[in-house]
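**Student:** What follows is the residue order along each chain.
There are 2 protein chains.
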Amino acid sequence: MEQRRPVILITNDDGITAPGIKALVEAVKELGQVIVVAPDSPQSGMGHAITIGSPLRLNKVDVFEGVESWQCSGTPADCVKLAKDKILHAKADLCLSGINHGANNSINVIYSGTMSAAMEAAIEGIPSIGFSLLDFNFNADFTVAKTVVTELVKRMLQHPMPVHTLLNVNIPVVAPGELKGIKICRQAHAKWEEDFDQRVDPRGKDYYWMVGRFVNMDKDPGTDVEALKDGYASVVPVTIDFTDFKMKNTLEELWSDFAH
Amino acid sequence: MEQRRPVILITNDDGITAPGIKALVEAVKELGQVIVVAPDSPQSGMGHAITIGSPLRLNKVDVFEGVESWQCSGTPADCVKLAKDKILHAKADLCLSGINHGANNSINVIYSGTMSAAMEAAIEGIPSIGFSLLDFNFNADFTVAKTVVTELVKRMLQHPMPVHTLLNVNIPVVAPGELKGIKICRQAHAKWEEDFDQRVDPRGKDYYWMVGRFVNMDKDPGTDVEALKDGYASVVPVTIDFTDFKMKNTLEELWSDFAH
Numbered sequence: 000m001e002q003r004r005p006v007i008l009i010t011n012d013d014g015i016t017a018p019g020i021k022a023l024v025e026a027v028k029e030l031g032q033v034i035v036v037a038p039d040s041p042q043s044g045m046g047h048a049i050t051i052g053s054p055l056r057l058n059k060v061d062v063f064e065g066v067e068s069w070q071c072s073g074t075p076a077d078c079v080k081l082a083k084d085k086i087l088h089a090k091a092d093l094c095l096s097g098i099n100h101g102a103n104n105s106i107n108v109i110y111s112g113t114m115s116a117a118m119e120a121a122i123e124g125i126p127s128i129g130f131s132l133l134d135f136n137f138n139a140d141f142t143v144a145k146t147v148v149t150e151l152v153k154r155m156l157q158h159p160m161p162v163h164t165l166l167n168v169n170i171p172v173v174a175p176g177e178l179k180g181i182k183i184c185r186q187a188h189a190k191w192e193e194d195f196d197q198r199v200d201p202r203g204k205d206y207y208w209m210v211g212r213f214v215n216m217d218k219d220p221g222t223d224v225e226a227l228k229d230g231y232a233s234v235v236p237v238t239i240d241f242t243d244f245k246m247k248n249t250l251e252e253l254w255s256d257f258a259h
Numbered sequence: 000m001e002q003r004r005p006v007i008l009i010t011n012d013d014g015i016t017a018p019g020i021k022a023l024v025e026a027v028k029e030l031g032q033v034i035v036v037a038p039d040s041p042q043s044g045m046g047h048a049i050t051i052g053s054p055l056r057l058n059k060v061d062v063f064e065g066v067e068s069w070q071c072s073g074t075p076a077d078c079v080k081l082a083k084d085k086i087l088h089a090k091a092d093l094c095l096s097g098i099n100h101g102a103n104n105s106i107n108v109i110y111s112g113t114m115s116a117a118m119e120a121a122i123e124g125i126p127s128i129g130f131s132l133l134d135f136n137f138n139a140d141f142t143v144a145k146t147v148v149t150e151l152v153k154r155m156l157q158h159p160m161p162v163h164t165l166l167n168v169n170i171p172v173v174a175p176g177e178l179k180g181i182k183i184c185r186q187a188h189a190k191w192e193e194d195f196d197q198r199v200d201p202r203g204k205d206y207y208w209m210v211g212r213f214v215n216m217d218k219d220p221g222t223d224v225e226a227l228k229d230g231y232a233s234v235v236p237v238t239i240d241f242t243d244f245k246m247k248n249t250l251e252e253l254w255s256d257f258a259h
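Here the protein sequences line up with chains A and B, keeping their order.
Here the first sequence stands for residues 0 to 259, numbered as in numbering that gives the first Met the number 0.
Here the second sequence stands for residues 0 to 259, numbered as in numbering that gives the first Met the number 0.
Derived by calculation from the structure, the hints in this document are not laboratory data.
The reader is advised that the hints may include incorrect statements.
Chain copies aren't distinguished; within one or between two, either way the pair holds.
[To be verified] Below 35 Å or equal to it, Euclidean Cα-Cα: the simulated DSBU-like pairs (lysine-lysine) are:
#1 59 x 179
#2 228 x 145
#3 153 x 190
#4 218 x 85
Just so you know, these numbers come straight off a predicted model, no measurement behind them.
For reference, chain A alone in the conformation it holds in the complex:
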C-alpha cells in the first residue's frame, strides 16, 4: 500500500529565480510532494509585511523540473497565505523558506522576509523552517547548506513536531566536510548600527542609503552568533507569542495601583 507523501510548501524572499530556492527544492525533492509558491521579485528586508492596499497576482510557472510552482507578486507572507487559500488542497505537513542568500541569525529574525514566511506558516499551524546561508553572493555555494536542509527535514518528518514549531536555521560559509555540526541555540542579543550614506541627487536634493554594521552585544554562551563563528549551523526555535512574561510580572507589581 502506498503511503501518502508529505506535502512540503517551499517559498523564499529572494524571489523564485534565486539559486537559494533551487538548492532548497533539490535538497528535499525526494522527501515529499514539493509545491513552490514564491515571490516574483526579491523581497529582502520585507519583515512580516503583507499586501493590503493593492491586489495580488499569482501565476503558474515552470521553473523546477517536475515540481508544481507558482510565482506571486506579493511578499513572502502573502505567498504562504495565498498558497494555503488558493493552491494547497490539503494542509501542508511542512513549510520551508529559503535558502536565503545572507544571514538571518540573531536580531535579523525580525527584519527577515525568509523568516516571515516561515512565521506565517507556523501561525497557520504548519511546522516550518527558515534556512539562510551566511553568503550574500548570488553565486554562493549551497553544497553544505543542502546537507543541513536534508538532515533537518528528514528529522522533522520522522518525528512530527508541534504545529507551531518554527526554526531559524543559519549555515556558516565552510568548505564541504568542514561543517562542525548542528547546534540548538538561543537568539543572540545584537543589533544593527546604522550609518546612513547621505547623497545629493542631480536636482540638488538629499537622499539616504541605509548602511549598517552588525553589533553583537551578547558575550554569553549558547547564542547563534557564537555557534556560527565556531563553524556550526545554528538552529533557533522561534516563538510566535511575543509576550514578555518577565516584564509582565514587573508591570503588574509596579502599576498595581492603576492597572488590573
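Add chain B to chain A, keeping to what the hints say.
**Tutor:** The following block gives chain B in isolation, referenced to the frame of chain A:
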C-alpha cells in the same frame, strides 16, 4: 535650575497626516520635548520591513504647531533608524508609535507597522509604546485613547523602564468615561483566516484581494482580546528575543544524538 525635558520621539504607520498621530502628539506635548519623524504615506501591514534596495527621502515639514517634524519616504522602522542617526542629537527617552487607526492586539503585533517602529526603538535601547485604537475609521474619536496615552506616558517617565521595554497598547471603542481601566495582558493565541477575493481584470487576468476574518483560538483568561472585549485598554509587554525556550529544551532532548 531648569530640568532637562525628556525627549519623546513620535512616529506611526498611517502616515504623518493621519488624525491618530495628531492625537498622540496632543496627548504628550506637555510632557516632554516632542520630535515627530513619520512616513509620508500610509504603511499599514508593513510589518518590520526596512528599505534596503532604494534610497530614502527625509524632509522637514510644518504639520504640528511648535513641534519639530519630519516626513520620510520609508517604512515605520526606517523612520526610527533615520531619526536616531540623522535627527536626534541625544538618545530619545521614549518612543511612541500611533495612535493606529485599527487594532494591533494579539497576533497583529507581527504584521503591524505601528509595532515595528516601537520594536525598532526597543532594539535601539529606547523604551517604547505602540498605541492602537480599535477603530479603522479615518474620523475615529481619539478622546478616550488620548487619556490612556497621557496616563501611560506619565507613568513611563516617572519610573524609567528598562531600555528594552516595549508595550503594545490597544484601546477599545468606548464613550468617554466608560473605559473600565487598563489591564496588563498576554498576547492572545489567534490568527487571521484568509479568504482571497478573486477577480478578473479588464484584460481577462486573475487578481486577488486579501480579505480575512480574525479568529481567536484562546479562551483562557488574561489575554488582550478578553480585556478589550470587557472594555479595558490592554497592555502587552513585548519581547525582542523571539527564542522559544520551551521548544529549545524539547529539541535538545529529541535531537541529542545529532545536535550539540
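**Student:** Against this structure, judge whether each hint is valid.
**Tutor:** Checked hints:
Taking the closest pair of Cα atoms, residue 59 and residue 179 never come within 35 Å of each other, the shortest separation being 40 Å inside a single copy and 52 Å across copies. For a Cα distance limit of 35 Å, the shortest separation of residue 228 from residue 145 inside one copy, 19 Å, qualifies, whereas the shortest one across copies, 48 Å, does not. Taking the closest pair of Cα atoms, residue 153 and residue 190 come within 35 Å of each other both inside a single copy (33 Å) and across two copies (28 Å). For the identical chains of this complex, residue 218 and residue 85 are inter-copy neighbours only, at 29 Å across copies versus 46 Å inside a copy, given an alpha-carbon limit of 35 Å.
The structure is inconsistent with hint 1 alone, although it conforms to all the rest.
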